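K.L.:
The chain contents come next:
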Amino acid sequence: MTSPASSSEVKYLIESSEGNTFDVSGAALRQSNTFNAMFLNIGADGPIPFTDYNEATLKKVFEYCEHSVNEENYSGPKHQDDLSKWDLNFFNEMDQKMFIDVINASNFLDIERLTSYCCERIARMLRGKNTQEMIKVITLPTAEELEAKQKVEEKKAAAAKKVAEKAAETAEKTETLEELPVQQLVQTTRNKLTRKYLSFSNE
Amino acid sequence: MPIPLLHFPYVVQKKIFDSMNYCEVFVTSLCSKRMKYCVIRAKPRVPKIWYCVYPDETRIAVQEEGKRVETILEFFEENPWLSGTKPEKLKIGEDFIALGTFETALNIFNQMCLIRVLKNDGTLAKSLYEHVKSIYRYTEPCGLEVHINTFTDEVPIYENVNKILLKGKSVKLNDLDSFLSQYPNLSTLMIQPSVIGQFSDSSKILEISNIQLSNGGHFGASLLSRFTGRNIACRNLFITEAEINLLIRKWMKSEAYHNLETIHFSVTPDYVLDTDLIIDQLETEEFDPTKRPQWYQIDYKLYNIPTSPYDFSGGNCFDVIRENDGKRASFLSFPTYFMFLVWN
Numbered sequence: 001m002t003s004p005a006s007s008s009e010v011k012y013l014i015e016s017s018e019g020n021t022f023d024v025s026g027a028a029l030r031q032s033n034t035f036n037a038m039f040l041n042i043g044a045d046g047p048i049p050f051t052d053y054n055e056a057t058l059k060k061v062f063e064y065c066e067h068s069v070n071e072e073n074y075s076g077p078k079h080q081d082d083l084s085k086w087d088l089n090f091f092n093e094m095d096q097k098m099f100i101d102v103i104n105a106s107n108f109l110d111i112e113r114l115t116s117y118c119c120e121r122i123a124r125m126l127r128g129k130n131t132q133e134m135i136k137v138i139t140l141p142t143a144e145e146l147e148a149k150q151k152v153e154e155k156k157a158a159a160a161k162k163v164a165e166k167a168a169e170t171a172e173k174t175e176t177l178e179e180l181p182v183q184q185l186v187q188t189t190r191n192k193l194t195r196k197y198l199s200f201s202n203e
Numbered sequence: 001m002p003i004p005l006l007h008f009p010y011v012v013q014k015k016i017f018d019s020m021n022y023c024e025v026f027v028t029s030l031c032s033k034r035m036k037y038c039v040i041r042a043k044p045r046v047p048k049i050w051y052c053v054y055p056d057e058t059r060i061a062v063q064e065e066g067k068r069v070e071t072i073l074e075f076f077e078e079n080p081w082l083s084g085t086k087p088e089k090l091k092i093g094e095d096f097i098a099l100g101t102f103e104t105a106l107n108i109f110n111q112m113c114l115i116r117v118l119k120n121d122g123t124l125a126k127s128l129y130e131h132v133k134s135i136y137r138y139t140e141p142c143g144l145e146v147h148i149n150t151f152t153d154e155v156p157i158y159e160n161v162n163k164i165l166l167k168g169k170s171v172k173l174n175d176l177d178s179f180l181s182q183y184p185n186l187s188t189l190m191i192q193p194s195v196i197g198q199f200s201d202s203s204k205i206l207e208i209s210n211i212q213l214s215n216g217g218h219f220g221a222s223l224l225s226r227f228t229g230r231n232i233a234c235r236n237l238f239i240t241e242a243e244i245n246l247l248i249r250k251w252m253k254s255e256a257y258h259n260l261e262t263i264h265f266s267v268t269p270d271y272v273l274d275t276d277l278i279i280d281q282l283e284t285e286e287f288d289p290t291k292r293p294q295w296y297q298i299d300y301k302l303y304n305i306p307t308s309p310y311d312f313s314g315g316n317c318f319d320v321i322r323e324n325d326g327k328r329a330s331f332l333s334f335p336t337y338f339m340f341l342v343w344n
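Sequence order for the protein chains is E and X.
Here the first sequence is numbered in full-length UniProt numbering, starting from 1 and rising by one per residue.
Here the second sequence is numbered in full-length UniProt numbering, starting from 1 and rising by one per residue.
It should be emphasised that the hints constitute simulated quantities derived from the structure, not laboratory data.
A quick note: this is a predicted structure, and the numbers were derived from the prediction, not measured.
Treat the hints loosely; a few may be bogus.
[To be verified] Each computed DMTMM-like pair below joins lysine to aspartate or glutamate, with the alpha-carbon atoms no more than 25 Å apart: (1) Lys129(E) to Glu78(X); (2) Lys97(E) to Asp18(X); (3) Lys89(X) to Glu147(E); (4) Lys86(X) to Glu133(E); (5) Lys136(E) to Glu74(X); (6) Lys129(E) to Glu70(X); (7) Lys43(X) to Glu133(E); (8) Lys129(E) to Glu74(X); (9) Lys33(X) to Glu154(E); (10) Lys33(X) to Glu133(E); (11) Lys89(X) to Glu133(E); (12) Lys36(X) to Glu153(E); (13) Lys33(X) to Glu147(E); (14) Lys151(E) to Asp201(X).
[Unchecked claim] Partial list, computed: chain E residues near chain X (C-beta under 8 Å): (15) Ala27; (16) Ile100; (17) Thr131; (18) Gln132; (19) Met134.
Note that CB positions come from ideal geometry on N, CA and C, so glycine has one too.
Looking at chain E on its own, in the form it has when it is part of the complex (with noise of 0.2 Å):
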């Protein structure tokens, strides 16, 4: 099933984070510098494991690859205006969670084309965009809520603090005790317990 890539024919079982197995072709996954580098030469035994990713993710990667088995030779990024119907579809019908993931993936698997299409997307997304719509696509806290996590912080630091102080006083306190020779703590409890003794005795 897995071995040593020779022709496009050969299948190698992919792993993802479920444990679940699928085929991709070897044409596919040469794209992939990673797995060239990883497995390329020597094959692989059982299943590759790319178990950071889901299997939805790594199927979706490797669509991309399938399809541009056939394409020429990547030579740098490709703007964004000259891709394809198939490839504008492919970018297109992914939400956001899958094209964060599929970014990672295809960033892990070092498939050059994959990540460059999707990071030049990125940075169209941000494209035309001043600063504050900028801080809102890449989700970047705005100056107010800075502000009020500084306050939130500073406050959590004030009660730190007292928290602190406290736990100061109280371990000084021990400490006289701990320091009193014992005849005169004896003496101190003595005179407690009597005072509470009168105290009693009054009421």
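Given the coordinates of chain E, work out where chain X should sit on it, guided by the hints.
P.N.:
Structure of chain X alone, referenced to chain E:
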């Protein structure tokens, strides 16, 4: 669709920044401190950068090899509250914090970012310079376009500058000299204002290889007589035929202009050059195609002025030979302009 750009691996971040144009990279770097450090880490490459400093605006422009200078970023002085969009807090570098509005616009060739700020002063120029220097990787020395009114305290000292374009109406030679002393690696200087003052042997302008004067006047003629650089171009020069004749003689006898490559000037509109007086008693030769090419293209990269190739043949073209090494030069003499070229 929100994208967690900061959570992507470095390689992906770098590819995203590489897919952005220069203006977008700059705006991204202003989003937050962490974002700025991401850009700094990716350090996108830029071609030649031009810093343009004017009393009421500051611009950043880029110039690809052999192409026009394109503005990518412009800060201008205007009340941001009047723009119709809500001003944002801008923090550039360590020192500049102000309210401003962003607008991106497409000019003919590229995208540019227009930023309105209430006050455009030296702090902005300085902070902008520090910011730009930190986020882009220079591949070439920088250019500086500066208005003379911002000379004294407003302009920060830019590093690694090899070209300066000076704008304004008139400038004193002393002020010019003290400004130029900050830029020891300067190779090209373009001066639009007329220059007032007397030369001294220690004048910094005499150390520059390539000079262009838009208002040459008497100063230009005086500079031309002492020029030790390679290329000089002047407009509206007050020069007589006798002075031009002397200049050619000096070159022929190796008394001056040892490094000279080209001289190109036009005279004031009310003056007409007499070629006969220029070639008076000079030993000249006619164009001979076996000895040199007919056409010559001036290296416009020096001054960013595209020109057509010049035809060095015909009745207005004369060749002269330098006595000590036999080097050939040609000059074109017309009623309003003159050009001298030393063949390599």
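K.L.:
Tell me the numbers of any earlier hints that the structure contravenes, in ascending order.
P.N.:
Hints 14 and 15 contradicted; others consistent.
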